[in-house]
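The listed protein sequences correspond, in order, to chains V and Z. Just so you know, we're using my numbering here: the first sequence kicks off at 144 and counts up by one. Just so you know, we're using my numbering here: the second sequence kicks off at 173 and counts up by one.
The set of hints was computed from the structure by calculation and includes no laboratory data. The beta-carbon is built from N, C-alpha and C at its ideal position, and this holds for glycine as well. Misleading hints may appear alongside valid ones.
[To be verified] Label pairs and their computed distance ranges (CB to CB):
| hint | chain 1 | residue 1 | chain 2 | residue 2 | range |
| --- | --- | --- | --- | --- | --- |
| 1 | Z | Met-302 | V | Glu-154 | 27 to 33 Å |
| 2 | Z | Ala-352 | V | Ala-205 | 57 to 63 Å |
| 3 | V | Val-216 | Z | Thr-261 | 49 to 55 Å |
| 4 | Z | Lys-246 | V | Glu-282 | 52 to 58 Å |
[What the hints assert, rightly or not] Rough simulated footprint, nothing fancy, chain V against chain Z, three-plus residues with beta-carbon under 8 Å:
| hint | segment |
| --- | --- |
| 5 | 195-202 |
| 6 | 205-212 |
| 7 | 315-323 |
| 8 | 331-341 |
[As the list claims (entries may be wrong)] Short derived list, chain Z residues pointing at chain V, Cβ under 7 Å:
| hint | residue |
| --- | --- |
| 9 | Gln-228 |
| 10 | Phe-231 |
| 11 | Met-302 |
| 12 | Cys-347 |
| 13 | Leu-353 |
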Amino acid sequence: MSELDNTSLPEWAVGELQRPVHGTEAQRMRIMELVRTAERPRRRTTAAFYPRWYRRGVLSPAGAAIAAVLAVVVTLGGLPRSEGAPTAFWSEATVIRDTVVSSEEPMMRRIASSIVDTLRIVRFAIRAPGATRVALSGEFNSWSKTTTWMKRDEKTGMWIARIAVPRNADRYAFVVDGDEMVSGPTPHRINTDSVSLAADRVDSI
Amino acid sequence: MTLPIAAIVADATIVRQVLSGDTEAFSHLVQRYHDRCLRLAMHVVGNTEDAEDAVQESFLRAYRHLGSYQERDKFSAWLLRIVVNQCRTSASKVKRRGVVMPLHDDDVLALPSASHSIVDQNALRDELAMAMNQLAPEQREAVVLRFSDDLTFEEMAAVTGVGVSALKMRVQRACRRLRALLTEDSHV
Chain V
144 MSELDNTSLP EWAVGELQRP VHGTEAQRMR IMELVRTAER PRRRTTAAFY PRWYRRGVLS
204 PAGAAIAAVL AVVVTLGGLP RSEGAPTAFW SEATVIRDTV VSSEEPMMRR IASSIVDTLR
264 IVRFAIRAPG ATRVALSGEF NSWSKTTTWM KRDEKTGMWI ARIAVPRNAD RYAFVVDGDE
324 MVSGPTPHRI NTDSVSLAAD RVDSI
Chain Z
173 MTLPIAAIVA DATIVRQVLS GDTEAFSHLV QRYHDRCLRL AMHVVGNTED AEDAVQESFL
233 RAYRHLGSYQ ERDKFSAWLL RIVVNQCRTS ASKVKRRGVV MPLHDDDVLA LPSASHSIVD
293 QNALRDELAM AMNQLAPEQR EAVVLRFSDD LTFEEMAAVT GVGVSALKMR VQRACRRLRA
353 LLTEDSHV
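This is chain V alone, in the form it adopts within the complex (with noise of 0.2 Å):
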């Protein structure tokens, strides 16, 4: 037997449970001489600590107009950030070498520059405060979470890792203690323009 076969009565019986009922106009009078008897009713005080719209239960169009940016703006991404504020989730990837070829004598450095090679070196670099272990994730592991850990600086408190990562992959993402951490709606994508300014900073890494 269905539901509503189970919650269904004869129909004369919902019509008689809905026959309109009046009451007479004495019955009504009688309730406002009580009314004007008994004692005023006062606002709850505990009322004024919520905002007008949380107690009518409706924005304001000024209100409603605050939260239809912050939707856009949640939407989108988050806030703008300020340059040189970084975030306590600050992190870069930079392609720090453009060849995996690596060779002091001159004749090899010129082999290196003129062939295009399948792997570059990519640093790795982020501002995790209290992580205990980081790990990357991308398309140059198989999106692994286990495999590629990074290690952490004790003079700048940064985790870094220096790996090779094939040209074609260049989207991943950091792995906080097992937090999978993305940009967004989509993974990061490793930065390719900064080969050349990275470069003068590869001795010091």
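Dock chain Z against chain V, hints included.
Frame of chain V, contents of chain Z only:
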């Protein structure tokens, strides 16, 4: 400012008017909801006299505690909740007295139906009242809110403070029991 009698004013506006000191504005709420509350109370309590007392006391309680009404809630649901609570108290008193009275009364004006004569309708009414009286109080309350007031289960939950699943079960069991009771008298 006094509210015009004929104006269609939101409940929340009237409540604010009363809370600001205009006691007479409360009469608009009485006028608006008295019949609905009375019908609910009559079916839940089971007799006219106790239902009238329950409704009267409910409006008085609503007035006294009007300050605790929050405008984000529907006023009708808030008021019905008070009526339901008052009916529970009245129903327990009636049960102790062991009095069952027919629902029709000269003080309450009922609209006649075209399909039955007044005598037949009174008989049906009494029969339904007797059957309803055999339900458990919580089942009776649920079936009245569901059919008499035509509330959704979510609205019923707001009025009674009972979960939707429990209310569905109550209505289901009440309907099964009522159908059985009414079938015995060959009206189905």
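Results for each hint:
| no. | hint | verdict |
| --- | --- | --- |
| 1 | Z:Met-302 to V:Glu-154: 27 to 33 Å | violated (19 Å) |
| 2 | Z:Ala-352 to V:Ala-205: 57 to 63 Å | holds (59 Å) |
| 3 | V:Val-216 to Z:Thr-261: 49 to 55 Å | holds (52 Å) |
| 4 | Z:Lys-246 to V:Glu-282: 52 to 58 Å | holds (54 Å) |
| 5 | 195-202 | holds (count 5) |
| 6 | 205-212 | holds (count 4) |
| 7 | 315-323 | holds (count 6) |
| 8 | 331-341 | violated (count 1) |
| 9 | Gln-228 | holds (5 Å) |
| 10 | Phe-231 | holds (5 Å) |
| 11 | Met-302 | violated (12 Å) |
| 12 | Cys-347 | holds (5 Å) |
| 13 | Leu-353 | violated (10 Å) |
Going through the hint list in order, the structure does not satisfy hints 1, 8, 11 and 13.
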